[in-house]
Amino acid sequence: MSLLQVRKLGVHYQDVAAVRDLSFEVAAGESVGLVGESGSGKTQTAMAIMGLLPDAATATGEILFDGDDLLQASSASLDRLRAVRLAMVFQDPMQALNPFVRIGRQLGHILAAHDIAHGKDAHERVIDMLQQVRLPDPERQFSAYPHQLSGGMRQRVMLAAALIGEPDLLIADEPTTALDVTVQAQILELLEEVRDNTALLLITHDLGIVAGRCERMLVMERGELVESGQTAAVFAAPQHAHTKMLIAAAPRLDRGATLPPVTSTALLTIDSACVSYVEPGKGRLQAVQELNVTLQQGETVAIVGESGSGKSSLVRATLGLVPMESGRVSWCGTELGDSLKSRSAAVRRDLQLVFQDPVASLNPQMRVSAIIAEPLLVHERGLNRSARDELVHKMLDKVGLDESFLSRYPHQLSGGQAQRVAIARALVLEPKALICDEAVAALDGSVRQQILEMLLQAQRESGLSLLFITHDLAVARAISHRVLVMYLGRLVELASSEVLFAHARHPYTTALLEAVPVPDPIAAGGYASLAGEVPSILNPPSGCAFHPRCVHSQDVCTTTLPAPRPFDNATVACHRVEELATPE
Amino acid sequence: MNVAGSKTVRVSAWLLGGIVLLAFVGPWLSPHDYLQTDFEQILQPPALANAHVFGTDDLGRDLFVRTMHGVQITVLVAVVASIVSLVIGVLYGAVAGLAGGRIDAVMMRFVDTLYALPFIFFVILLMVVFERNFLLIFVAIGAVNWLDMARIVRGQTLSLREREFVQAAQLTGVSFGKIITRHIAPNLLGIVIVYVTLTIPQAILVESFLSFLGLGIQEPQTSLGALVDGGVNQMEGAAWMLLIPAAMLALILLCFNFLGDAFRDLFDARQSR
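Chains as they are written, first to last, in my numbering: chain A, 1 to 584; chain B, 1001 to 1273.
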């Protein structure tokens, strides 16, 4: 008999069905991936299993755990099950850990609550568990508060908390979505390694994670199970249209897009840019250092890096939102002023920005029509109302929304629709360049694909240049001519897409590429070849900032900063690039 | 928006409208006047005879007309005081929030200083130094309420300034004035309206409190607070003199509070999704 049997599960909020007629099983020790886009009911399913549904929800059907129906169970008997037999890891470890309790005590509480171990015995078990999840220096971290740990460390602690009671089933709800890709790979590997005989229900939107980690997979769409089967079989021959769509929409590293040709006119030149902030009480923070990049007309340059790499600071300085410490930004050969105010109307018109959070970037009190029309009011004062309306209509049509959206407010839009509106606003003046700051990071795979396609279309039609900031290498692969990799504020590698994805030269780029999960069970990536996490930018390592995590590090790396230099069609900042390129 | 459709809100709105309308129309319908004393009819309980529907007070004045008069005064004081606090508070808070830096610091420390003054002593002092009059009550209530408003508006302005849609407007080159009128002000409006609807009942309470202490409206003018005060003196023999104005006061406060909550829900719904 299976460990978990879900039979005809339904979760309803008044008249809205979040989950409908869902049936599946998880056998003891098995790993099952539950995949779906946002709103597909994945998390509601997990909450129903854990007995954590809010009061407003009603659940129907049966959830049999080792024969007992969890939906009928009293909260006291559920309490006895949780942690010991059933455990869960949430997406955001900062929210799941109590900020006022030292982590050792939090883990100890679990043991005490279930009468597993007390006092000294419990202390030892906690330390042992922290060691298993490879938290460095567990004796010291035992008395740390959650805010003193990095995101990856906190997720390790969460994993320790979930596994310390040696449960039979672990539900992990998007456990790595909030983490950087190299840390994600570490956590996923760790999860596989420490769970032993614990069955795993891994909930994710990322097909790549499932491809590499789960024996079986379930696909949900709008509350219903549309496909299930062995992971390899589902990837090889998806049956349902939604599964096919998901697999097709999952960005991959091994395929680039056909991109329109690039002209050789330099549009935007960033020359030895340095950006720094003063952190009160902590000193000066060097967010960007000595960075050079040129954006040609009609070209897409992706700037890739993990959190803290200085991508966003670079964008903000380029746009004049924050002052540069030193360096120049030139537009069509003319140097631009440091502050936003000193820039001419023509430059503001030709260089537009799309933000990461589409909803926050739209004024909640303005209708879509007014939002898109606003740039026209500033730069096209001669236009009369009807001409303006016509342009707004055209733009809306171009981003794939119909006229009914004109009178909506931002809160009435989905994330993807809001991002389309934000892009319409940015493109309505027909700018020459568009800067996208993680513009697709908050969107579902299929929507992401559509937005990227839309941007490519705009590039084909009008020769738009794109500076695309992303943490996602697969997105960079799908859209860019050239890719710039940043680490702790500095350029690490700059090369054309084909060159970089075929032969990454810098060890950091190689590790990043290996860490990306590939939605293909045969070629699955997601290897954690990098140890540790991105160090604090307040206190960067000496020499090459990457040396503490680099497997090829030598003495010279710890003392001397490598300057970016050309190597084999790429620009690489590594002392050992020549040696590493020649196979031993 | 289902907020406008909720039953409590509809009932509150109609009830409040009805009370205010009655307060202005009611005295015309009654044969009595709020000043007119009738020593033949002292302390008459509510009865339809003689058209004293709410009874009479210890000077033989018609309590219905006096209550309606009290509602007029109370609502007027509350609304005017709220508008005073609204104008001063929004201007002060928005300027501080937008200017930022040192100007902001100085302006807000001034507000903190005023907060530290004990309000009731301040009012009593005002009343003693100057004659008791109508205007002074507006000043007294407004002077306190604008502090809250200024703080709220300033905080909201500060956070709005950093919002991405404001940055997007700045990048496009929208002028400073347009950013205020198109992006900052409309987003302040919601919270300001909510706050005003919640300030009105507060002002009503303060006015009633002052009148109850004998520091507010002067005889023969009256307000709900003054009527309750009068009712307390006659509580044993003529309970209606206390109960009717007190019930009226409670009813008005409840209606305003429900409406304020409804506005807040409406505003929250649009801010977050």
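Please keep in mind that the hints were generated in silico from the structure rather than gathered at the bench. A couple of the hints might just be wrong.
In silico lysine-lysine, DSBU-like type, Cα no more than 30 Å apart, as pairs [claimed, not checked]:
hint : chain 1 : residue 1 : chain 2 : residue 2
1    : A       : Lys398    : B       : Lys1178
2    : A       : Lys394    : A       : Lys8
3    : B       : Lys1007   : A       : Lys394
4    : A       : Lys398    : A       : Lys244
5    : A       : Lys341    : B       : Lys1178
Okay, the calculated bits of chain B under chain A, using three or more residues with CB under 8 Å as the criterion [unchecked claim]:
hint : stretch
6    : 1155-1165
7    : 1168-1174
8    : 1182-1191
Ideal Cβ placement from N, Cα and C applies to all residues, glycine included.
Hints versus structure:
1. For the hint pairing Lys398(A) with Lys1178(B), the CA-to-CA distance comes to about 28 Å; that is within 30 Å, so the pair holds.
2. For the hint pairing Lys394(A) with Lys8(A), the CA-to-CA distance comes to about 46 Å; that exceeds 30 Å, so the pair is violated.
3. Of the supplied pair hints, the one linking Lys1007(B) and Lys394(A) is violated, its CA atoms being roughly 43 Å apart against a limit of 30 Å.
4. Distance hint between Lys398(A) and Lys244(A) is fulfilled; the C-alpha atoms sit about 26 Å from each other, no more than 30 Å.
5. Using a Cα cut-off of 30 Å, the hinted pair Lys341(A) and Lys1178(B) holds, with the two alpha carbons roughly 15 Å apart.
6. Coverage of the stretch 1155-1165 of chain B by chain A holds in this model, with 3 residues showing a Cβ closer than 8 Å to a Cβ of that chain against a need of three.
7. Residues of the stretch 1168-1174 of chain B lying with their CB closer than 8 Å to a CB of chain A number 7, which satisfies the three-residue condition for coverage.
8. With 6 residues having a Cβ less than 8 Å from any Cβ of chain A, the stretch 1182-1191 of chain B passes the three-residue criterion, so the hint holds.
Hint violations for this structure: numbers 2 and 3, all remaining hints satisfied.
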